[in-house]
Each structure stands twice: as structure tokens, then as C-alpha cells.
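Asks: All chains, please: the whole structure from these sequences, using the hints.
Residues per chain are reported as follows:
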Amino acid sequence: MANGSGLTSGNLREQAPAIQVRNARLRFGSTVLFEDLSVDLVAGEITCLLGLSGIGKSSLLKLLAGLGPELESGSVHASDGRSLNDRIAYMDQRDLLLPWLDVLDNVTLGARLRGHPQDRSRATDLLRDVGLAGREHDRPAVLSGGMRQRAALARTLMEDRSIVLMDEPFSALDALTRLQLQDLAGRLLQDRTVLLVTHDPIEAVRLGHRVHVMSGQPARIDSVMALSGAPPRNPVDAQAAAHYRDIMGHLHQANPGHDGDKSA
Amino acid sequence: MTDRLSFIFRALVTVCGLGVLWQAIVWITQSPPYILPGPLPVLRVIATRMDFLAPHAAVTVTEILLGLLLGTILGVTSAILIHQLRPARRWLFPLLVISQAIPVFAIAPVLVLWLGYGMASKVAMATLIIYFPVTASFMDGLRRTESGWLDLATTMIDDERRCTWAVLWHIRIPAALPALASGLRVAAAVAPIGAVVGEWVGASAGLGYVMLHANGRMQIDLMFAALIVLSLFALAIYSAVDGLLRRALPWQPDSAPTDTDMPARSKPS
Numbered sequence: 154m155a156n157g158s159g160l161t162s163g164n165l166r167e168q169a170p171a172i173q174v175r176n177a178r179l180r181f182g183s184t185v186l187f188e189d190l191s192v193d194l195v196a197g198e199i200t201c202l203l204g205l206s207g208i209g210k211s212s213l214l215k216l217l218a219g220l221g222p223e224l225e226s227g228s229v230h231a232s233d234g235r236s237l238n239d240r241i242a243y244m245d246q247r248d249l250l251l252p253w254l255d256v257l258d259n260v261t262l263g264a265r266l267r268g269h270p271q272d273r274s275r276a277t278d279l280l281r282d283v284g285l286a287g288r289e290h291d292r293p294a295v296l297s298g299g300m301r302q303r304a305a306l307a308r309t310l311m312e313d314r315s316i317v318l319m320d321e322p323f324s325a326l327d328a329l330t331r332l333q334l335q336d337l338a339g340r341l342l343q344d345r346t347v348l349l350v351t352h353d354p355i356e357a358v359r360l361g362h363r364v365h366v367m368s369g370q371p372a373r374i375d376s377v378m379a380l381s382g383a384p385p386r387n388p389v390d391a392q393a394a395a396h397y398r399d400i401m402g403h404l405h406q407a408n409p410g411h412d413g414d415k416s417a
Numbered sequence: 015m016t017d018r019l020s021f022i023f024r025a026l027v028t029v030c031g032l033g034v035l036w037q038a039i040v041w042i043t044q045s046p047p048y049i050l051p052g053p054l055p056v057l058r059v060i061a062t063r064m065d066f067l068a069p070h071a072a073v074t075v076t077e078i079l080l081g082l083l084l085g086t087i088l089g090v091t092s093a094i095l096i097h098q099l100r101p102a103r104r105w106l107f108p109l110l111v112i113s114q115a116i117p118v119f120a121i122a123p124v125l126v127l128w129l130g131y132g133m134a135s136k137v138a139m140a141t142l143i144i145y146f147p148v149t150a151s152f153m154d155g156l157r158r159t160e161s162g163w164l165d166l167a168t169t170m171i172d173d174e175r176r177c178t179w180a181v182l183w184h185i186r187i188p189a190a191l192p193a194l195a196s197g198l199r200v201a202a203a204v205a206p207i208g209a210v211v212g213e214w215v216g217a218s219a220g221l222g223y224v225m226l227h228a229n230g231r232m233q234i235d236l237m238f239a240a241l242i243v244l245s246l247f248a249l250a251i252y253s254a255v256d257g258l259l260r261r262a263l264p265w266q267p268d269s270a271p272t273d274t275d276m277p278a279r280s281k282p283s
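Sequence order for the protein chains is A and B.
Take the first sequence: its position 157, counted from the start at 1, is 310 in the numbering used here, and no numbers get skipped.
Take the second sequence: its position 89, counted from the start at 1, is 103 in the numbering used here, and no numbers get skipped.
Any given hint could be a false lead.
[Unchecked claim] Cβ-to-Cβ under 8 angstroms is the rule here; a few derived chain A residues that face chain B:
(1) Ile241
(2) Ala242
(3) Leu249
(4) Leu262
(5) Gly268
(6) Arg292
(7) Ala294
[Said to hold, decoys possible] Pairwise CB distance ranges, derived in the manner of DEER restraints:
(8) B/Arg24 to A/Gly284: 38 to 48 angstroms
(9) A/Phe181 to B/Glu160: 19 to 29 angstroms
(10) B/Glu174 to A/Gly284: 46 to 56 angstroms
(11) A/Asp239 to B/Pro108: 34 to 44 angstroms
(12) B/Trp183 to A/Asp239: 34 to 44 angstroms
(13) B/Glu174 to A/Asp336: 31 to 41 angstroms
(14) B/Leu99 to A/Gly284: 36 to 46 angstroms
(15) B/Trp105 to A/His269: 28 to 38 angstroms
Bear in mind the hints are in silico, worked out from the structure with no lab data behind them.
All of these numbers come straight from a predicted model, not from anything done at the bench.
Just so it is clear, CB atoms sit at the ideal spot from N, CA and C, and this is done for glycine as well.
Replies: Okay, structure coming up:
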């Protein structure tokens, strides 16, 4: 599956921990975003978190990334007991490329920030893998949205972290580019523990080992679906279509009337 | 190239137009030469007294450039200190506001008293007058860093102590450069005011001194000549600063149209 470029480095499966969120309560201002929320991210698998916009998916992801406000109660644990902080790569919906750096320098940003030597040849390989060969020295401004997001994916993978948190990474792209990047991500994220926040059920079908649906206010995580077969899945094959129906069923169930779960 | 030609053409038309307008006012108001000399006599004075005007212009331009340099260094340093260090924010920020609240014109005599009739008091004036725009704009830029970039950097850096300074150096400062650039453009435009006001208060050289002196002796044509030379240099300084900034920040959106000479870098093998 890996495309022969040595991207999935050796023994990541051993390094990637499972992550458990237990009874988490998070408040944003006076709104309780979620309460008594528990979720498991399986080691080395892609967990998709689906839900309507504004439900608190991104807040959960930011919490895991150490970016958001602290939990009021509850806990976040890695299965190996170590802290999450130094092994997370984060990818946002926006490419977040620095406009004054060229693509290659953007991809090696992490090393520069840490004051470590930059592995430019690995960065060049990664850029080739995401289809940006020859664009290393272009500034982001001259790239299309799809290319920029490819560069952002390369930067995420360059970090070579065992945990990858992605916040609707492909939602701003056109359909074709989105499909391509999902394929790439599915292959290149192998063996890492990934949380992929999305509002797109097809994306969940294509990429998820497991799919959770988040709903309600305060939000809860209602259902867990384990999808069969290895991602990236072909969205038109029969099994994927069945998964898609399941997921849509769960989404409808979790959001009756689609105007917020006021009875909860 | 055609862009440049059309720019030169427009500039020429503007200058000629202003000259015609000036001459028209002279004719219509029937002003005597000691009230409003026409453009041609003034040009003649510039030509004939070039050897007198040039050294004075050199003095003023030096004052402006030194003031720009000092003010920029001071402003950039203050902005970084105010942004990064809490005590600096508490102590330096009020000073910054005060520096702007006191009109430079009001302290010009004191500066001349302290720093003398030479160049130092004028450089100080120019420095003071640009200190606030430079500091304020850079500080603003440092504060408004795209929060997504900061989040990204936070996940990339493990060492918290390293984080603040690495983020400052690699993200906040470069991201704030366009804001600093607009501050510097304002600075380039107002620095001549500082230098000339300094010269008016007390000097023995400089275009401001020439203007004051010529005015006192009713040599209005000489005064206008000095004024025109001063304006030309002020324009030249502004364009030079503007051009340098565009060249230095080619990734900045507003410098894109002139960015036709992006270096084609060779690929690493």
C-alpha cells in the first residue's frame, strides 16, 4: 500500500499509542460543549469523528492537540502512559502555510522551530509523494488551493509523529482534489493513531477504520462503527456504500430534525 | 517597461500641470515676485545657486536618513520588547504614548538647547517623529499573528521555554513585516518634517535653515527653490524606501503586481 518511498518509517505501529478520553467536560465561556464524553482512539488506526458543524468536534481535537482550554474534569490518556504533547502532528482545514517561505521551507518548518537540522531530502521525497515535485521553491501564493493543502499534508507527515490530528483537512477542496488527497492520506497515514474530524460521511467511509458520531448539546459521542477493509476505500464499491448508508442512518438518528437535539 | 514609461509620462504631466497652475495663479493674482515668484524664476535660482543649495541639501538628507535609521532601530526594538516582556509592556508602553502626546514641535527648542545647533538635534527630531508610527505599526503586526500559525507552531515545538522565542523569530516577526513596512512608509514620509522643524528652530545649515533665512531676507525665490529641492529629496527617499520594502517582501500581497523579477531558483539535486 505504501508507495515505495520509505514514508511509513519502520516500526510506527509499536510507537503509536491508543488514546482514551474519559468523562471529559469542557466549557467554552458559559456554554458546556461536552460533558461526560468518552472516546477511544485505537492505536495505529484512523478514527473519524463525524457531526454537524459547531457541535464541538474541533474543540475535542484542539484539546487533544494541547491547544484549547483545559478540561474541567475527566482525563486524556495515552495507552503507554506518556504525555501526548511531543508526538502530535496537527493539520487544519486551512493550509496554514507561511507565505514568506517556499514550499520546501514550509514542509521543514517543524525542524526549524525546534532548532533541529532539516532533513531536506526527506522533505523533497514527501513533496514528490504528494504530487508537488518541482514546486519545492514556489511560494504558497502561486499554488492552487489543492496544491497548498498537499503541501500542508506533506508538512504534517514530515513531522513523523505517531499521533496525527486532522481538523476537516480536505473540506475546502474541490471533489476531485479531495478524492486524490484522501487516497494519499489513507496510504501515508498508515500505522499512525489518527483522529480525523469531518462533517463529510463519504470522507469517513473512505478513510476511517472507525467512525464516531458526535451530537447533542452538550455533545456526546453516540455510536461507534468499525468499518471493514483497509482505507482508503473506493467510495463506489458495494461495501463502502453499505458503510455509507449505516453512517447516514446513525447521523439521522443522532440529529433528529437536524435542528439541534433540544430534548437531550 | 511600458509600465515604467507610463509612470514617467504621468509624473511629467503632473509636474508640468502643477507648473502651469502655479504660473496661472501668479498671472491671475498679479503677485509681485517677493510674494509669489513664478516657477521659471525659481527654477533659474535652483540652477544658478546649485552650489549653494547642494551642501545644505546634503545636510538635510543626512539628517533625514540618520533619523530614519535610528527611529527604525529604536521602534523595532521597542515593539519587540513591549510585545514580549510584561514589564516592558508596563513601562515602555506609556512612554510610547507620551512620546506621541507631546508635539515634537513643542520640544524642538529643548532638543536644540540640549543637543546643540548641529546635526544631532535634527536627527533626534526626525527620530522622535517616526518612533511612534514605526513602533505602533510593528507592535500591531506582532500582535495580530494568524492564530492558526501559532497553533501549528505550538504542536511542533515540545520545549515550552523555547516556544515563545522560536515563535517570535520564525513566525511573529516575519508575519509582522508587512505591518512594519507600512509604518516605515509613513516614517519615510514624515521624517523630513522632523528634520526641517529642527532646522527652523535653530541651525546653521540645511534646507530648513535656508528657507527660514531666505524668507527673512525676502528672497522668496530662493525659499521656493529650497522648498522644491526638499520636496524632491523627500519624494526620492519615500520612493527608495517603498521600493526597498517591496523588494524585501515579495510575498506580500500588495507588492505582487511589481514582482515581475522573481528569481528562478535552481533546484537542489
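Asks: All hints, please: hold or fail.
Replies: Hints and how they fare:
With its C-beta approaching chain B no nearer than about 5 angstroms, isoleucine 241 of chain A sits inside the 8 angstroms limit, and its interface hint holds. The beta carbon of alanine 242 of chain A comes within 7 angstroms of a beta carbon in chain B, closer than 8 angstroms, and the hint placing it at the interface holds. Of the supplied interface hints, the one on leucine 249 of chain A holds, with its beta-carbon coming within about 5 angstroms of a beta-carbon of chain B, less than 8 angstroms. Nearest Cβ of chain B to the Cβ of leucine 262 of chain A: about 7 angstroms, under the 8 angstroms cut. The hint holds.
About 7 angstroms separates the beta-carbon of glycine 268 of chain A from the nearest beta-carbon of chain B, less than 8 angstroms, and the hint is met. Interface hint at arginine 292 of chain A: satisfied, since its Cβ lies 5 angstroms from the closest Cβ of chain B, which is below the 8 angstroms cut-off. Interface restraint check for alanine 294 of chain A: the shortest CB-CB distance to chain B comes to about 6 angstroms, inside 8 angstroms, so the restraint holds. Roughly 45 angstroms separates the CB atoms of arginine 24 of chain B and glycine 284 of chain A, a value that falls within the hinted 38 to 48 angstroms.
The given range of 19 to 29 angstroms is respected by phenylalanine 181 of chain A and glutamate 160 of chain B, whose C-beta atoms sit roughly 21 angstroms from each other. Between glutamate 174 of chain B and glycine 284 of chain A the CB atoms are about 36 angstroms apart, so this pair departs from the stated range of 46 to 56 angstroms. For the hinted restraint 34 to 44 angstroms between aspartate 239 of chain A and proline 108 of chain B, the CB-CB distance of approximately 40 angstroms keeps it satisfied. For tryptophan 183 of chain B and aspartate 239 of chain A, the hinted distance range of 34 to 44 angstroms is not satisfied, since their beta carbons lie about 21 angstroms from each other.
A hinted range of 31 to 41 angstroms holds for the C-beta pair glutamate 174 of chain B and aspartate 336 of chain A, which are about 37 angstroms apart. A beta carbon spacing of about 45 angstroms between leucine 99 of chain B and glycine 284 of chain A agrees with the range 36 to 46 angstroms that was offered as a hint. Here the CB-CB span from tryptophan 105 of chain B to histidine 269 of chain A is close to 36 angstroms, well matched to the stated 28 to 38 angstroms.
When each numbered hint is compared with the structure, violations occur for hints 10 and 12.
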